[in-house]
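If you read the sequences in order, they're chains A and B.
Be aware that the first sequence starts at 7, since it is given in my numbering, and climbs by one per residue.
Be aware that the second sequence starts at 29, since it is given in my numbering, and climbs by one per residue.
Below, computed lysine-lysine pairings styled on DSSO-like, alpha-carbon distance capped at 27 Å:
#1 A:Lys171 - B:Lys37
#2 A:Lys133 - B:Lys82
#3 B:Lys79 - A:Lys141
#4 B:Lys109 - A:Lys95
#5 A:Lys95 - A:Lys141
#6 A:Lys38 - A:Lys179
#7 B:Lys77 - A:Lys179
#8 B:Lys109 - A:Lys94
#9 B:Lys37 - A:Lys180
#10 B:Lys67 - A:Lys133
#11 B:Lys77 - A:Lys187
#12 A:Lys38 - A:Lys97
#13 B:Lys64 - A:Lys141
#14 B:Lys67 - A:Lys171
#15 B:Lys37 - A:Lys141
#16 A:Lys34 - B:Lys72
#17 B:Lys77 - A:Lys171
#18 A:Lys182 - B:Lys77
#19 A:Lys180 - B:Lys77
#20 B:Lys77 - B:Lys67
#21 B:Lys72 - A:Lys182
#22 A:Lys171 - B:Lys79
#23 A:Lys171 - B:Lys64
#24 B:Lys79 - A:Lys179
#25 B:Lys79 - A:Lys180
#26 B:Lys109 - A:Lys97
#27 A:Lys182 - B:Lys79
#28 A:Lys141 - B:Lys67
#29 B:Lys64 - B:Lys77
#30 B:Lys37 - A:Lys133
Here's a subset of chain B near chain A, in silico, CB distances under 8 Å, partners left out:
#31 Glu33
#32 Lys67
#33 Ser70
#34 Lys79
#35 Ile88
#36 Met99
Don't read these hints as lab results, they were simulated from the structure.
In this text the structure is predicted, and so the values were computed from the model without any measurement.
All C-beta atoms in this analysis are idealised placements derived from N, C-alpha and C, irrespective of residue type, glycine included.
Listed below are the residues making up each chain.
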Amino acid sequence: MNFKSDDYELVRDFLSGNQQAFNNLARKYQEKIYWHARRMLGDHNDAHEIVQQVLIVMYNKLNTFNFSSSLYTWIFRITYTRSLNQLKKNKLKRLLTFNFNEDIENHGYENIIEDLESRERFLIMEKLLSNLPTKQREVFIMRNFNELTFEEISNITGKSVGALKANYFHALKKMKEFMEKNER
Amino acid sequence: MNADERIIKYLDNELITEEKTAFEKEMESSRELRDKFQKYVSVKEEIEKLKGLKLNPDYIDSILPEFHFRMLTGKKETIRKSLSYAFGVMLMFIIAIAILRIFFNNHNDPKYIVEFALSLNENQKVELLENLNGNYAVYNLIPDNDLIQLLEADLEINSDVAEAYGIGYKEIIGKLTDNELEIVYQEILKKTF
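So here's chain A without its partners, still in its complex pose:
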């Protein structure tokens, strides 16, 4: 059973009333949703909220999903939109509280990664990612961590492949510079 037909069967079973099928779908995608939101937002609580929101949208809207794209792309599009909305909310919140520091704060659920060395490594990467502008950060994350092609990213974000490549180029160049500075 391949990835796509597996999804198809789970969706079909859920839509015919099998709640366990939805639980299986949620278990399959929850980590992917969390990591994308976490890398975009840099905060456990925000990422957790996005996971919950995306699951709720999936539960309520799976009946409108027609498999014209893969389920992963559909879920990813919801995650991407919700994460962007959360970023806007956070920006507004910072503005209203007169906190103009754009840096992502690495806080919340300290033991989300159990291994200490990996956790430290992750927090450094998260901090470096937070220095990228949103458009560059999103394409960098999708391309490198989610291993999506530019065409898939274009399908999710609605941006042209050319614009995405330009943003990716700048993102990777900046990340190289950030890492150099960080090592000094």
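Following the hints, complete the assembly by docking chain B onto the known chain A.
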């Protein structure tokens, strides 16, 4: 295409065969290009190390129960949220009305009215009294806007002006309760005094 672009395209496997071969050849001879290339490779390696990160199993196990709990309580939440929004909108509306009233009614400020009364000359006072008593005579001594505002405003001004002309209703109203005073003021406003 500069060195950074070529490196990024090479790493992303986006160079055509000829470009790829030329790039590899150049790397062999250029230490500078090799160093730069190595820095990009380090970024990619770091990403690779972070790709397989696993979330704390306790946290993973808590996601679905919370989702089901939210689905159960979701409707209540929605009603509560709607009520909060409605309350917020109402509060904003009340504040906006209050601000607008303060802004547009500043001419009813007693201080303004007293100053205005003191600024009137004899003829203007006669005009005002005539208007207050409903005996309209067009003098045009007081600008219409000021006159209308005074007629609609706190009638303490009437006491001042009436007193100046010996119309002694201040003595009468001195004996009245607040409610009765209000009725008298309303009567004055209706110009039936």
